[in-house]
Amino acid sequence: MLHLGDLRQPARAGAGRKGPLPAAAVADWPARFAELARAARDPRLQHFYAAGTVAGDTALQDVPMIAIDVETTGLDPARDEIVSIGVVPMDTTCIRSSASRYWVVRPRAELHPESVTLHAITHAQIEAAPDLADIVGDLLSALAGRVVVVHCREIERAFLEVALKARLGEGIEFPVIDTMELEARLHRAPPPGFLARLFGRRTAPVSIRLADSRERYGLPRYRAHHALTDALATAELLQAQLAHRFSPLTPLRALWR
Amino acid sequence: MQIEQLEILDFLRTHPPFDELPDEVLSRVAAVVDVRYYKAGASIVEFGQVAEFWHVVRSGAVEVFRRNGTLYNRLTAGGYFGEFGLLRNGRVRFPVTALEDTLLYLIPRELFAELFEQHERFADLVEVEDRTRLRQVMSRREESNDLLSATVETLVGRAAVTLPASASAREVAQRMSEEGVSSLLILEDNPDVPELPQLAGIVTDRDLRTRLVAPGLPYDTPATEIMSRGVVAVSHNQLVFEAMLAMLRRNVHHLPVLKNQRPLGVIALSDIIRYASRNSLFLVGSIFRQQSVDELAALVPEVRACFARMIAEDASANMIGSAMSAIGRSFKQRLLELAEAELGPPPLPYCFLALGSMARQEQLIVTDQDNALVLDNRFDPAQHDAYFKALAAFVSDGLARCGYSYCSGGVMASNEKWRQPLRVWERTFTDWIERPTPESLLNAGIFFDLDGVWGRVEWAARLRELIARKAKGNSRFLACMARNALLRTPPLGFFKDFVVESDGRHTRAINIKRRGTAPLADLVRVHALAIGSQSLNSFERLKDIIDAAILPLGRGQDLYDALEFIAMVRARHQAEDLAAGIEPDNGIDPEKLSEFERKSLRDAFLILGNAQKFLKYRYQPGRAN
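Here the protein sequences line up with chains A and B, keeping their order. If you count the first sequence from 1, you need to add 105 to reach the numbering used here. If you count the second sequence from 1, you need to add 504 to reach the numbering used here.
Keep in mind the hints are simulated off the structure, nothing from the lab.
Here's a subset of chain A near chain B, in silico, CB distances under 7 Å, partners left out: (1) R201; (2) S202; (3) S203; (4) S205; (5) Y207; (6) Y322; (7) G323; (8) P325; (9) Y327; (10) T334; (11) L337; (12) E341; (13) Q344; (14) H349.
Ranges of calculated distance between the beta carbons of each label pair, as one might list FRET restraints: (15) A:D239 - B:R517: 31 to 39 Å; (16) A:R314 - B:R813: 51 to 59 Å; (17) A:T227 - B:P805: 55 to 63 Å.
The C-beta atom is built at its ideal place from N, Cα and C for all residues, glycine as well.
Extracted from the complex, chain A is given alone in its bound form:
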């Protein structure tokens, strides 16, 4: 995951267009998936939706999940493109790193030199890479039937939406568990109360970036900006959050957005 600027920036970047619905706004995701399976025209999307999704009242311990991270040429989904995608399947007890998948894809736009250094993906690798259209079937099969886990949902959802629209003529909808949002719940409390304002107590805001969040749970420091590493890092963060803050019996509804 690429976090170059202020964390609100990705939200702004996607604000100009009609984005997918937040997960919490959908009352019944299994029903929504059934509806989307009927409406979708592309067979790969039909397949993805037909695999269904678990209901919001499912206990976490029964939820198959998959952590995903995309690396992009920049932060604006309207202009920038995906260069790599990493996915790591998981559940509450185990991260199936052994079933990880990773794709480098060739963006249609020009690559910024600075993002090349960030991702450690070379021009040569990108030249040799397929278009996202060629791997979208594999990607959707990997995601099918699993609840997607990301750190900062706007990026993944917005970029996938745009990329699929450009290639399949239709976007994609799915619920996500956002580890950054789970951190924000702890560290982005509502505006300070009366007393705090009165005494002007200000604490430095706690960072909810991936690396900083991981550190709070005693997770090791990884090199950022590799889609597969970041997906693993996100999966580990979620396991840590679950171990510390949620019972395995918590309904999925409490987490996804």
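Guided by the hints, dock chain B onto chain A, whose structure is given.
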């Protein structure tokens, strides 16, 4: 297609035992690892559950327990567990709990089995039996010993002294005198290769004596008539060890060394001996040349340098202990010579005793002086003690100046209690052995390692014989000694930068003598006394103990390895202190231990701990031994 996680691959690549695996195998391992997170306090595996994975700690810390709930080990990043269950019956043997928030890598049992089967070094490192690993460590150390790996070329100090076959015996003798050598090579023309004369024979000092002078031959006898033909020679790249064997087998004391068929030099048996205990012999020689305590004290830097050199040259703890004890003994002997020169000849015969580590030949660089005086039975305090008191004070003060600090327990000949006639010593030892109490023996252990260094050394042998005879089979005495030998216990191991005690407590540092070598020597002494061994050195005592078969099979060798390893760590850290300009001591800071030393030390502590349990069981009061 399997994709390895780079972070997993990088982690494995830099941690043992994975660093022993080839890259392509590592990539495969990294691609099949799964990951789990455990909150502090969570149970990771429970006793008896099916062992599916081999676990590697990526971050955090875990505690491994024995089945009875006592702490077995504490592991941090890079630690691993579960091999026991996987290799045995497929059930978890040691329950494990997360001590901190912990991230674990899970390696499937099939892959672990494959790695274990196919990669020997990997298997060596994760070997289930801790003691086996230590044995492997020690045998690798022994293999890497210089004596076994150095080539004879390194021993050749000077070019070969040669003469043509036409030389006379007299010319040979003159040449040898000029060159100051004890042997000379005779070369003769090689009909095939004229520019490369060949080795015809060797003439030694001994040949001049037995083949020329004794039979009364004239000095102009041709050298070829008194030389030894069919000379045994070694090639310059043969091992020192092989050269030594060749000398012993052929019963010769000089070996020509050839390089490309030309004589490079000659090595003598004495070269090999000097090499084996490198430098320490020279130092001993110089001790006896010093004319005053001041001069002796000036040798202290050389003693330390010799110690550091032996460690740098990878000598074993046993070799270092012998060499340092020989040096210590020489200091005592020279000081006694100087004392007698100053005080005049002694009024009565006496024997100066070395006690403790010097008697056992296990001295290192930081050591107390433990000594005593055995006096002739005609000793009359009023008449004679002034002399012996002065003698003891001279030696004791001299030793303190030479780096052997005063014994804090007062076990020194300068203490009148330890300046007694032989019959009193005999009575004292008899009392200690026949009417023992743990209290009376508490500080007496040190006296059971005694060696005569000067004077009537046969009295020391007589006391040793008395001890061996009376102690053997005396269950009450042995039980008391065993009880005292259990007072000092080893720690459990290391965790982060702490020492972990068996009850889980943490300490900052350990005294490796008090927690390692000393309790080991105590333990070995009890067994040695039980079998009537008169050996002093712990390694030799262990050999006697192994021969007497009183320990379960293999345990004697384990103790041998444990003692060697702990002593070596102690010696190495003292050498590091010396190199850093710090006054060396026996304190070990876990921070300074390598991962390898931590693991092996833990193995050694475990062996010691188990051996103490066995000691306690074996020497119960009233039990027939």
